[in-house]
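*Asks:* Read off the chains here:
Number of protein chains: 2
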Amino acid sequence: MSMQLNETHDPALRSWVASANTADTDFPLQNLPFCLFRRAGRDEAYRGGVAIGDQIVDLGAIGNALDDAAPAARAAAALGALSSLNALMDAGPQAWSALRLALSRLLRGDATPRQELLVPQAEAEFAVPAQIGDYTDFYTSVHHATAVGKLFRPDNPLLPNYKWVPIGYHGRSSTIGVSGQQFARPRGQTRGPNDVEPSFGPCKRLDYEMEVGIFVGGGNAAGAPIAVAEAEQHVFGLCLLNDWSARDLQAWEYQPLGPFLSKNFATTISPWIVTLEALAPYRAAWTRDAADPQPLPYLDYPALRASGGFDVELEVLLQTAAMRRDGLAPTRVSLSNFRHSYWSVAQLLAHHTVNGCSLRAGDLLGSGTQSGPDASEAGSLLELSAGGKQPLTLPNGEQRVFLEDGDTIEMRGWARQPGRPRIGFGAVAGTVLPAR
Amino acid sequence: MSMQLNETHDPALRSWVASANTADTDFPLQNLPFCLFRRAGRDEAYRGGVAIGDQIVDLGAIGNALDDAAPAARAAAALGALSSLNALMDAGPQAWSALRLALSRLLRGDATPRQELLVPQAEAEFAVPAQIGDYTDFYTSVHHATAVGKLFRPDNPLLPNYKWVPIGYHGRSSTIGVSGQQFARPRGQTRGPNDVEPSFGPCKRLDYEMEVGIFVGGGNAAGAPIAVAEAEQHVFGLCLLNDWSARDLQAWEYQPLGPFLSKNFATTISPWIVTLEALAPYRAAWTRDAADPQPLPYLDYPALRASGGFDVELEVLLQTAAMRRDGLAPTRVSLSNFRHSYWSVAQLLAHHTVNGCSLRAGDLLGSGTQSGPDASEAGSLLELSAGGKQPLTLPNGEQRVFLEDGDTIEMRGWARQPGRPRIGFGAVAGTVLPAR
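Chains as they are written, first to last, in the UniProt record's numbering: chain X, 1 to 436; chain H, 1 to 436.
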C-alpha cells in the first residue's frame, strides 16, 4: 500500500452530505472509516458501512452506485456488504484503496446525491466489526510501563527487556464488545499488602486503559513471518480500545504468567475503523532517546524514523452516575497522543510473527495504554491517582481514585494537521454496573 | 450430567467391530471418543466421527441407522455431521449422552453389523475438531510449577498465589494444529546470563509440555459465572495437548506480562476427544497436603475430594531423525498421571468465569504441564534435563537436553481400572523442522 497522498486526501474536497463539511465532524470526506451496523430495532442483518458526516453509507445498499468505478472497488464493496468485515479485511490494501477512491468520488459535492445509500448514524446500532480470531494486547507506551512499573516494582520500574522486545500477551476475544458495552464489576481474589490470606469479592480498584486497536487485514501463513517493511500492508485500520482492568485482581494473579481475570471480563472498542490510507497525512516521526538501543534488524525499516508513528490525539472523559442524573456532560480526565508509542504498529506485526505465529484477517491488536510523558497524559486512573493515593476531583466536586458503579468512560480520538481537515475516530463508551 | 455409571460403561460389552474387542485397543466400545475427519486424499468435507477399534463411525453417513434411537440422539448425530463439532459441543450433556447411548447400542455385538457406517482410521485425515474461539492455558501441576520455579526463581520457586489461584493465561488459537503438525523451529530474541544485549536467532532451548486439553461444551453468557458444582456439565471432553515452548525466548520476554512468542508458534492436540461420561469410571480422589489451604468457596464443591480428579496416565515418547532413519520406535521419556493436578477441571471453569468472563462452545483449556511428584514423571525436557544441565541418553546412544531438528514428540494417554477395559486417547505427534 502506498502511503503517498492521492486525490482522496485533497483538503479541498467537500461532500453532498452537508454534515460532512462542518468543522467539528469526525467524518469529513477525507476520512471514510468502516463499521458494521444495522438499523436499530429492526430484524435485519449487520453489514458494513462507511461514515460520512452524521450518516453511514450502507454497503449493503450500494446497488449500481459503483457501476462506473473500478471492478476492484465493486468487488470490495460486495465483501463489505457481508455480515462481518473479515472478508473485506482479508482482501488487502489494493481492494481497500480502490473502494476508498470509489466512495470518495461517489460522495463528492459534484456527484449526484444518492440519499438512498445513507442511514443516519443516530438510527443505527453497531456491532464488533469482525470475528476476532485472536486478540493480542501490547504494552507500547514507555511512559505507562515506567509509571505502572514504579507502583508494582518501585526498585525496578522498567524491566531490562522493555526497550528491546515489544512486550505483549494474548487477551480474550469472547468479551470484546462495541461502544455502549456495559458489564458488572468483576469479582475475584485479592490480597491486600497486610493480609496473610486472599479474600474473594468485588474488585475495589477498577480502571480503564486508553488504547488504540489495530485490526489485522490480510494475515500470514504459519511459519511465514511478516517483514517489518511490509507490515503496514497487513493492517486494515485503527480504532479506539478500552482495556478495562481490575488492578487488585491483577496484582495478586499476574505472576508468573501475566494478567488473566484482571483483564478478560470486558474490552470495549469503537465502532469505527479508520484506515491507514486515511491516516497517511497524519503520520508522526518515531523518536528515541539517544541512550535507547537501536531496534534489532527485524524491527527496523527505512520509513520508521521519519513516519513510523501516528499523530492521533487520544482523549478520556468520565461521566459519573450523578453527573448523568444532573445533566452534566462527561469531563475530560486526560489527553494523550499515539505518537508517544515506543514501538510502531509495523514493529508489532513483525515481532508477533517473527517466530512463525500466524495472524488472520480480523485479528485485533491493542497498543497498550497510551500514556504520554506529562502527568496529564496518563491513560489510566492507576497513573492519574498515583496508585490510588491522590484522588481526582471532578468539576461537580465528586472524587475518584478508581471507577465506581455507574461510571461511564468515553474515549475519543482524532488527527489534525495544518491545512487539513480534522479526521476523527468517533467515540468508545462503556459503563460499569454493580457487581452481581 | 450424571456421572453415575450406566449401560454404556458395562465392562462386558463387546462390539461387532472386532478390532474394538482387543486388549490393546484405545477404543473399545466403552470409550467412543469424537473427532473431525475426512477420507484422506479426497475432496470432501470434514465431519464428525466416533472411534470404535481401528474404525471411525462416520456421523455424516449415519442415514437411518439411528431411527430406533431417541430423538435427542438423532438430533445430536445430525449436529455431529457438520463441518466442525462446535454445534454438537454446544448441545449440552443430555445430547452427548443420548448420542453415546445410541452409538453404544448400534455397535454392540448383538446388533446388526453396518459396515457402511465405518471408515478405517488408517484411511482418514483429521482436523482440529472445533473452531476454537479462545484458548486458555493453565498451570495446574504443583510439581511442574515448583520444578520450573526453581529454575527461573531459585529463591522463590512457588509463588504465594499458587495454592489459592488456578493460574492461567490466554494462548493463541491460530496456531493450534492436530496431531501430525510440523513447524519450523521458532526464531526470536534471547539474552544469555552473561550477555549485555539480546541477540536474534533460532531458539536453542525448544521443549514440549505434556498437557491435557479440555474442550468447553455449552458456554456461559458474559457476566453469568459457571458455578463450580455444575462446571463439568460445560465440558465436552478431554484430549491430549502438546504446548511447545521456547524456553530461551520465554526467559527473556515473560516479564511482566507472561509468555507470548515463546508459546504461540504451535500447539498440537490429539484428534480424539474423550467425553467425561466415558471417563466416569476412571475418576480419582483430589488430595491436598495437610498444610495446603482449603479452596475458597467458589472453588469448592461436594464431589471434589472423592472424585474431582481423573486417573489418566500420560506418556511422552521421543523419536529422533536418526531413530526414524534406523527404524527404531519412539522411546518413552516420561510417564505421569492427570490425577496429580493441583486444580480440578471444574475449578478451572469456575475460576475462569467467576469474574464474568464468557466461555463459548469449542473453547479449549490446557491443563498446564502434568508433571508428577517423581522425577520420571516430569512433563517437559526442562525438568527432565534439570534446566538443560543433565542430558538424557536415549537407547541408541543419542543425547538430548532440548529438542533438535527432526525430533518427533508423541504423547499418549489412557485410563484403566481393575475389571474394566482400558480406554485410550490415541496419540498426538508433532515434529520440529529446521528454522527458516
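Some hints could be false.
[To be verified] Listed below are the simulated DSBU-like cross-link pairs for lysine-lysine, each with C-alpha atoms no more than 30 Å apart in a straight line:
hint : chain 1 : residue 1 : chain 2 : residue 2
1    : X       : 389       : X       : 204
2    : X       : 204       : X       : 150
3    : H       : 204       : X       : 150
4    : H       : 389       : H       : 163
5    : H       : 150       : X       : 150
6    : X       : 163       : X       : 150
7    : H       : 150       : H       : 389
8    : X       : 150       : X       : 389
9    : X       : 163       : X       : 389
10   : X       : 163       : H       : 163
11   : H       : 163       : X       : 204
12   : H       : 150       : H       : 204
13   : H       : 163       : X       : 150
Keep in mind the hints are simulated off the structure, nothing from the lab.
*Asks:* It remains to establish, for every hint, whether it holds in the given structure.
*Replies:* Results of checking the hints against the structure:
1. With a C-alpha separation of about 14 Å, the suggested pairing of residue 389 of chain X with residue 204 of chain X holds against the 30 Å cut-off.
2. Using a Cα cut-off of 30 Å, the hinted pair residue 204 of chain X and residue 150 of chain X holds, with the two alpha carbons roughly 20 Å apart.
3. Of the pairs offered as hints, the one joining residue 204 of chain H and residue 150 of chain X is violated, with about 33 Å between alpha carbons and a cut-off of 30 Å exceeded.
4. For the suggested pair residue 389 of chain H and residue 163 of chain H, the alpha carbons sit about 29 Å apart, so the restraint of at most 30 Å is met.
5. At roughly 26 Å between alpha-carbon atoms, residue 150 of chain H and residue 150 of chain X fall within 30 Å of each other, so this suggested pair holds.
6. Pair hint residue 163 of chain X plus residue 150 of chain X holds up; C-alpha atoms about 16 Å apart against a cutoff of 30 Å.
7. Between residue 150 of chain H and residue 389 of chain H the alpha-carbon distance is near 14 Å, which keeps this suggested pair within the 30 Å criterion.
8. With a C-alpha separation of about 14 Å, the suggested pair residue 150 of chain X and residue 389 of chain X falls inside the 30 Å cut-off, and the hint holds.
9. About 29 Å separates the Cα atoms of residue 163 of chain X and residue 389 of chain X, which keeps this hinted pair within 30 Å; it holds.
10. For the proposed pair residue 163 of chain X and residue 163 of chain H, the alpha carbon gap of about 34 Å is over 30 Å, so the pair is violated.
11. Proximity of residue 163 of chain H to residue 204 of chain X is assessed by CA-CA distance (about 23 Å); at most 30 Å being required, the pair is judged to hold.
12. For the hint pairing residue 150 of chain H with residue 204 of chain H, the CA-to-CA distance comes to about 20 Å; that is within 30 Å, so the pair holds.
13. For the given pair, residue 163 of chain H sits about 27 Å from residue 150 of chain X by alpha-carbon distance, which is consistent with the 30 Å threshold.
Violated hints, in rising order: 3 and 10; the structure is consistent with all others.
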